[in-house]
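Q: Each chain, letter by letter, is given below.
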Amino acid sequence: MSKLLQINNLKTVFYTEEGQVPSVDNVSLDIKKGETVAIVGESGSGKSVTALSILGLVPSPGRVVTGEILYEGKDLLKMTDKEIKKIRGNEISMIFQEPLSALNPVLTVGKQIQESIELHQKKKGKRAKEKVIQLLNRVGIPRPEKVYYSYPHTLSGGMRQRVMIAMALSCRPKLIIADEPTTALDVTTQAQILNLMKSLSEEEGTTILIITHDLGVVAEMADRVVVMYAGQVVEQSTVYDLFEKPEHPYTKGLLDCTPKIHGESEELLAIEGTVPTIQNRPTGCKFHPRCKFTHEKCKEKDPELFTIKEKQKVRCYLHEKVIEERLK
Amino acid sequence: MNDLIRKNDEILLELKNVKKYYDISNSFLKNKSYLKAVDDISLRVRKGETIGIVGESGCGKSTLGNLIMQMLPLTEGQILFEGEDMSNLSANQLRKKRLDFQMIFQDPFSSLNPRMKVLDIIAEPLRTYRIAKGEELENKVYSLMDLVGLNKSQAYRYPHEFSGGQRQRIGIARALALNPKLIVCDEPISALDVSIQAQILNLLSNLQKKLGLTYIFIGHGIPAVKYISDRIAVMYMGKIVEIADKNEIVKNPKHPYTEALLSAIPVPDPKLRGNKKQTVIEGDVPNPVNPPSGCRFHTRCLYAEEKCKREEPQMKRLHSYHQFACHYPINHQGGKEFENGTA
Ligand SMILES: Nc1ncnc2c1ncn2[C@@H]1O[C@H](COP(=O)(O)OP(=O)(O)O)[C@@H](O)[C@H]1O
Ligand SMILES: Nc1ncnc2c1ncn2[C@@H]1O[C@H](COP(=O)(O)OP(=O)(O)O)[C@@H](O)[C@H]1O
Ligand code: SF4
Ligand SMILES: [Mg+2]
Ligand SMILES: [Mg+2]
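If you're matching them up, the sequences are chains L and Z in order.
If you read the first sequence in the numbering used here, its first letter stands for residue 1, the second for the next number, and so on.
If you read the second sequence in the numbering used here, its first letter stands for residue 329, the second for the next number, and so on.
Hints may be right or wrong, so weigh each one.
[Unchecked claim] Computed beta-carbon distance windows for the label pairs:
(1) L:Tyr149 / Z:Lys425: 28 to 36 Å
(2) Z:Asn575 / L:Ser28: 40 to 48 Å
(3) Z:Asp337 / L:Ser150: 47 to 55 Å
Hints are computed from structural coordinates only; laboratory data are not their basis.
Owing to the predicted nature of the structure, the values given are computational and were not obtained by experimental measurement.
Positions of the beta carbon are idealized from the N, C-alpha and C atoms, including for glycine.
Based on the sequences and whatever the hints tell you, model everything.
A: Below, the structure is given as structure tokens:
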């Protein structure tokens, strides 16, 4: 499989009273055609800023300062505004947690999608409208002829998210970036939306980058997983390895504190302490103040992302030893 | 007849056919119209237990919590606290009784003055009820802070300087200030990161053991609610549709809605992907102003028959500790009739 997107050493900063602080710190990841990759991590880990960096949508006072974002081999960061606009909303679409913020409140749902279709698919009038109905149908909206004339705020959260997905599909994207698409929804609606996204991937081969803080969603959706903490990638692996043999202490901690429905245990293992804000990220390993295995070195110097086997990388000194021993 | 509660169990709270209808009549229309947010709920809560309450948003969980807290007037029914009907109390008696129950919210500070220091936030109920002052008050606040895992050096800081999890600890300390017997927790962990959710759940469990508290724990995710609860009640459109021991309800759900809620939970194990029973329900919750006839769930239920559209199912008992309201319960091939019963 060839790579559709490859991010190399991305660094995105925000300019604050404390000066320039990195929000996304040297992140590298890649997505192959047809794959579903999940970025998982708690709030403030830099997931959304990574996604916004890909699309050139980082809000001020933020800015991408270094790195490459190669889309089909071409660096999005070197493109002009006009070139990037052509890719955004044509080849790459984004779905947000709160679709209301992304939909136009004074236009009917049908009109908005139709405008996008007229723009991207060169269909006009009746043919474009037919296409809209077809899309609303595709995303599981009952009575699409009626919903066509509805305004976004009159729809339920789940229906709005379906409209958002229809909107994203209207330009026939190769890559969909979904930032916490189900976080605001009830579990029942979440299951419906996840099923819909799965069918896009399976039936149409759409490549998906899904961002979530929920390991349950990761396990349902992803082929590969990128775990982020405090702006960095701390672990990267296939979904099966990640759940079977998580290697980073943070990944293990996240798995332990995720409640399991059939768990018999009465107590959840918590990760002590709190996620640092970007102004207060510690030196050395960003996780060291909360880690159970911290040693002196962890406090001093940032561990690199060690490759421990094909397709699995871990940013933790515990794995440096393993590698050194292997080299001996 | 109801042996769900054993004879020598002490009942702290009892709800009898509790209803809350919001008047949503439009002045242009002649007909009165009501939204039945809580519709005929009966429930008995033992001293020291935790009842988890789950269901999709809008099903009436917060309304139920507010009714228990006496923050909303009942439309019908009775709420008994330690055997005493709350509606019979005078304003003054109620004020005293209110010391016994407290509430914790999703965002503990939406209702508080952002310019108040932590010390004053926690001290406020103690001052209002004239329980302590001066040095005694301060010491009381410090010991509460210690109880919830905050450092007393943080007493003179402002809420915005704290993370979400620490703010929730402050809210808990404030709720504990008056030594309540019952705490209604309305989604206290829904806005927190998972690592912090676990901290708060564990804190609440430990406090319960230490102080003998009784909890009504409202949440929207069954997995998290299950950790802290003894029993779980599932609500749909203003009604409890099933209630059982927490392990029983996840292993052997009887109501199709409970089954649907359970099967919708994403399982954190990719090996189990796809081999789950596909009982994902379609569609949204119907408009609560015009609830469906018969069983309110029939429009989304995978097992609905004609009878479900006509007749509203009554609460039935499977065993003493498991009850549900459904004409065609899951894994039940006719035969045995169930007894009526309430939770
Ligand atoms: N507009 C902004 N201004 C300043 N800082 C920001 C802004 N947006 C994000 N950040 C900072 O960048 C960090 C990462 O944010 P984000 O990518 O939104 O995290 P996530 O999506 O993982 O929750 C956060 O700690 C946040 O403080
Ligand atoms: N003050 C009110 N007036 C009218 N309707 C209300 C009011 N408060 C809540 N509701 C409605 O009552 C129903 C139950 O709401 P709520 O108890 O907040 O549910 P939950 O906490 O389960 O999400 C919802 O349909 C809601 O819109
Ligand atoms: S590098 Fe050290 S502090 Fe960081 S996760 Fe590994 S052991 Fe823990
Ligand atoms: Mg985000
Ligand atoms: Mg609520």
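Q: Mind checking the hinted window 28 to 36 Å against the Cβ distance between Tyr149 of chain L and Lys425 of chain Z?
A: For Tyr149 of chain L and Lys425 of chain Z the Cβ distance comes to about 53 Å; the hint is violated.
Q: Check the following: the C-beta atoms of Asp337 of chain Z and Ser150 of chain L are separated by a distance inside 47 to 55 Å.
A: Holds - the Cβ-Cβ distance for Asp337 of chain Z and Ser150 of chain L, about 51 Å, lies within 47 to 55 Å.
Q: At the C-beta level, are Asn575 of chain Z and Ser28 of chain L separated by a distance inside 40 to 48 Å?
A: Given a distance of about 44 Å, which is inside 40 to 48 Å, the answer is holds.
Of the numbered hints stated above, the single one contradicted by the structure is hint 1.
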